[in-house]
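Residue strings, one per chain:
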Amino acid sequence: MSVQTAGSLDVARIRADFPILRRTVRGGRRLVYLDSGATSQKPVQVLDAERRFYELHNAAVHRGAHQLSEEATDAYEAARATVAAFVGAAPSELVLTKNATEAINLVAYAMSNAATAGAEAQQLVLGPGDTVVVTEMEHHANLVPWQELCRRTGATLRWLSVTDGGRLDLDGLATVVDCSTRLVAFAHQSNVMGTVNPVAPVVRRAREVGALVLLDACQSVPHLPVSVPDLDVDFVAFSGHKMLGPLGVGALWGRRSLLEVMPPFLTGGSMIETVRMEGSTYAAPPQRFEPGVPAAAQAVGLAAACDYLSALGMERVAAHEHALVGYALDRLAEVPGVRVIGPTDTEARGGTVSFVVDGIHPHDVGQVLDDLGVEVRVGHHCAWPLARRFGVSATTRASFYVYTDQTEVDALVDGVRRAQDFFGVS
Amino acid sequence: MSVQTAGSLDVARIRADFPILRRTVRGGRRLVYLDSGATSQKPVQVLDAERRFYELHNAAVHRGAHQLSEEATDAYEAARATVAAFVGAAPSELVLTKNATEAINLVAYAMSNAATAGAEAQQLVLGPGDTVVVTEMEHHANLVPWQELCRRTGATLRWLSVTDGGRLDLDGLATVVDCSTRLVAFAHQSNVMGTVNPVAPVVRRAREVGALVLLDACQSVPHLPVSVPDLDVDFVAFSGHKMLGPLGVGALWGRRSLLEVMPPFLTGGSMIETVRMEGSTYAAPPQRFEPGVPAAAQAVGLAAACDYLSALGMERVAAHEHALVGYALDRLAEVPGVRVIGPTDTEARGGTVSFVVDGIHPHDVGQVLDDLGVEVRVGHHCAWPLARRFGVSATTRASFYVYTDQTEVDALVDGVRRAQDFFGVS
Amino acid sequence: MQLEQMYQEVILDHYRHPHHRGLREPFDVQVHHVNPTCGDELTLRVLLGPGGDVQDVSYEGVGCSISQASTSVMTDLVIGRPLPEALATGQRFLEMMQSRGEAEPDEEILEDAVAFVGVSKYPARVKCALLGWMAFKDAAAQAVTVKEQG
Amino acid sequence: MQLEQMYQEVILDHYRHPHHRGLREPFDVQVHHVNPTCGDELTLRVLLGPGGDVQDVSYEGVGCSISQASTSVMTDLVIGRPLPEALATGQRFLEMMQSRGEAEPDEEILEDAVAFVGVSKYPARVKCALLGWMAFKDAAAQAVTVKEQG
Ligand SMILES: Cc1ncc(COP(=O)(O)O)c(C=O)c1O
Ligand SMILES: Cc1ncc(COP(=O)(O)O)c(C=O)c1O
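Residue numbers (my numbering), protein chains in the order written: chain Z, 1 to 426; chain E, 1001 to 1426; chain H, 2001 to 2150; chain A, 3001 to 3150.
Isolated chain Z, as found in the complex (with noise of 0.2 Å):
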């Protein structure tokens, strides 16, 4: 782990801690890595911490009294622990999952399956008549959930729109969330233009209209200091692979009050209380949401991040992050013909950027980039409409991490600019 040096990342510590960066891609070239908002990579720490558990711990938790499946618990529960504080939650209120995909879908589903549950869960049915509301800038991840709760409840999907600057449209609030609304998600950060969205004066508005608050925090727990109490929205979705944990394993914060009414999603063993063939009583939160044998070398594994992060301090991995993504700008405000999707400014926004080339599609950037060891994302970023608000298929992302430098945002400028002699559009 790498010691600090006052107000900054010591990057080239952080870098020798990732095995993957010292590789080499396409014939001997550094591996430029700039897609850290699709997955970052992982820190030998969080490895060892996976493998470890699986050499001296592995057993099914929750499932024995046996040593071997107290120890399993015991990490799995501490692991919990620590993925809950490191957004300033109770680990009570913090359901693991596979993904951010399922967290999400877990509260749309609990919503769904609440019209034939108990008494207590009628609180989060929905109906035609209802409306949820989600952004235009959200991830599929964020927007098809709701579509499909809509479409089984009946409800009706509204969305808030995006400025040209890349912004939240916050005059839309008073009437897009009205009474009918019952629900409001939104991503706190933009996966495509790294714009961080306030999140207070959605949830003011939220709360007049009675409606519940979702955020996908996928892109900003790894980047910023969160404090899940601080926002006080009602659920928090994020996931662990791109925070430098391990792939396979994300989360769920939910409100108590909530998850102690919603009825359960994925059902199986360890989420029950009594089972009879003749019906099933469920288990308090998180484990109602919890069936089957968990994924617990991945919450060990997430938890190893978010010691990581904390040891370098999220403060510090914001403002590294900030002043990449400062520097990017200005160079790519250099190069004629580079047009950035988003934000221009560093106002409340994290380390991505995307952009488009004048008279070259973003594929073609991209494998110019890819042919000099530069790996950014092109396509649409699974943010479809966004795109198509902008009037694009698709733009070249890079986004920043921990353990990106100023060279390889000069690699990226250097990249775009060889796509322009390439392509002859220069």
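None of these hints come from the bench; they were simulated from the model. Check the hints yourself; a few may be wrong.
[Claimed, not checked] What the simulated footprint calls covered on chain Z by chain E, stretch by stretch (three residues with Cβ under 8 Å from a Cβ of chain E suffice, anywhere in the stretch; the number is not a length): (1) 15 to 29; (2) 99 to 105; (3) 145 to 152; (4) 165 to 175; (5) 384 to 393.
For each residue, glycine too, the CB sits at the ideal point set by N, CA and C.
We have chain Z; now place chains E, H and A with the ligands onto it with these hints.
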């Protein structure tokens, strides 16, 4: 990997591949792990494969055009192909899930979602008057999802009973499975008794009445040669972590013609065809059922587990466990006051033995065994109705695998005698 | 050999010869609690006296030595005591059981129940030791409500 | 530098000067295909002749150089050919694109399309190269049905 002597497993060489088996428990005792039915231990080959993925190829699968993403996607799809081939299936019919529980829930939710899906999904719609049939020996993972499906749709749950000898009562087939039956879901091998259920007569009856068949193969795929085409069922669910693979990955095999008409279950990124704010269309299977960044490292680990098992030879694995369970049944029969729950012969039976000891609660039997380093599971083993069927609240269960040897069965039997001494019931 | 540390003689005594066992009349409230991991079940009745003391606790159920013995010890500790005191004792017991063997329990208050400190080292057995106490707490709370409304 | 291998001159030529581009009348069937990973879209029309030959293919859409060029090359290869021959060429192209750069394509049959063998090394771009061909195959199949029913 161990070299085989003809017809049997070289257990000593196999054990050398499992780092955890070198540790001790409870103050220096040799670990005797007899809880593989809950989860198996992992060989170094699997741990290495998973780690190699992270150290060399980690990226978001199906979400990028750069080299790492290509490599990660190739690794993931190659893993799918290996897992599919392991059960004789086509990769395009194999959906990767987080565990078997998710796999079974996927089918249950696709069936209830069919009600609000397109015309082609209508064949899956359930309602009042329809029945779903399970058995009294199901794991909660193959019982509760169907109870909940019935609750959501108004259909009725029925079940086949279990004989005193621990076999499925096939006499009930003709009456319990009738024209109202839309789906029969049952375990290939009981996780409590080791009973291997006959698939053909159930499939035959289901076909007569036009019902679908789902096989819970969690306890068969790890232990027996399983050929999906030979079984002729419609769905097969199994878990990676019970077959030497990592936690956090499981599989659903589904008949292509069914997967194609099934509406999605979890929704989000990478399972879509087009997304507009107004509505979305979905990708072909298996992608349709795999939203979000998938657990690629775990899939790769599971493929390594399949390779490991294939190298041992599943016929040999089955023969090894068959011999062990025969030995265990013989040795336990020598102990007065021990009653086996389930078949007492080795006919159509896997390497799992559950028993009760007169005068000692299973928790106390388990505690004495644990004190000796013998790790068994005590409780209802997530099959509570089966325990009730046999008039017990719990049993002690020993379950074997490729690394189990005869001395471990001896340790179990010695431990049971020690428990009898300790509690003064011998 | 740590078995003897867990299964102290006093535990085995209560297990073999449980106190106050059997369901008795009269009672204010009856509850049924289960341990979802092992399927153990306990039916328990509470009768509060006019002054709010615990007049009787009776029970029946299946369970392991730890849950049976703990329930037996619990009845000794609560019957005849003022309810607040009984609940406070239960709280002390809970704290001890969550201590992972680290607690130095007060024998003045917990009496025979101090024997369970060894059990608290085994997290999977903690629920067994708490089954009776949880059922009592639940039943007592309901009984108070019943009395208040009655 | 492998870029030049992928972006052969003939590909860049077709990209800059696409053949048969634009939507034309008359047509039997129009289809709309998308590439779900990048959002590229293609609208394509097919007109079959009385003898079952491919009389016209016209199209419009957004896409990267590979998908644009491949669609252009495709029109050269299918327009004026008997439908079965056109489909067989498509099958050959598909096989080449699945070869991971290993195929030794037959220039007699695939003509300019052989230039895409370099693209087949990049699995994420294979879909781009196939977009036009898949749309053609789909539209042609529908056109046959239309003709049969008409
Ligand atoms: C027969 C059977 N079905 C289903 C399951 C559930 O598997 P998982 O917990 O991996 O989802 C298990 C194991 O727990 C099992 O033994
Ligand atoms: C904003 C946002 N929401 C949701 C997701 C979905 O996360 P996952 O794929 O881990 O489920 C992602 C990442 O893909 C994301 O960036």
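Each hint, compared with the structure:
Using a Cβ-Cβ cut-off of 8 Å, 5 residues of the region 15 to 29 of chain Z lie near chain E, which meets the minimum of three, so the contact claim holds. With 6 residues having a Cβ less than 8 Å from any Cβ of chain E, the region 99 to 105 of chain Z passes the three-residue criterion, so the hint holds. For the region 145 to 152 of chain Z, the stated coverage by chain E is satisfied: 5 residues place a CB nearer than 8 Å to a CB of that chain, which reaches the threshold of 3. Judged by the Cβ-Cβ criterion of 8 Å, the region 165 to 175 of chain Z is not covered by chain E as claimed, because only 0 of its residues qualify and three are needed.
Counting residues of the region 384 to 393 of chain Z whose C-beta lies closer than 8 Å to any C-beta of chain E gives 3; at least three are required, and the coverage claim holds.
When the structure is compared with the earlier hints, a violation turns up for hint 4 alone.
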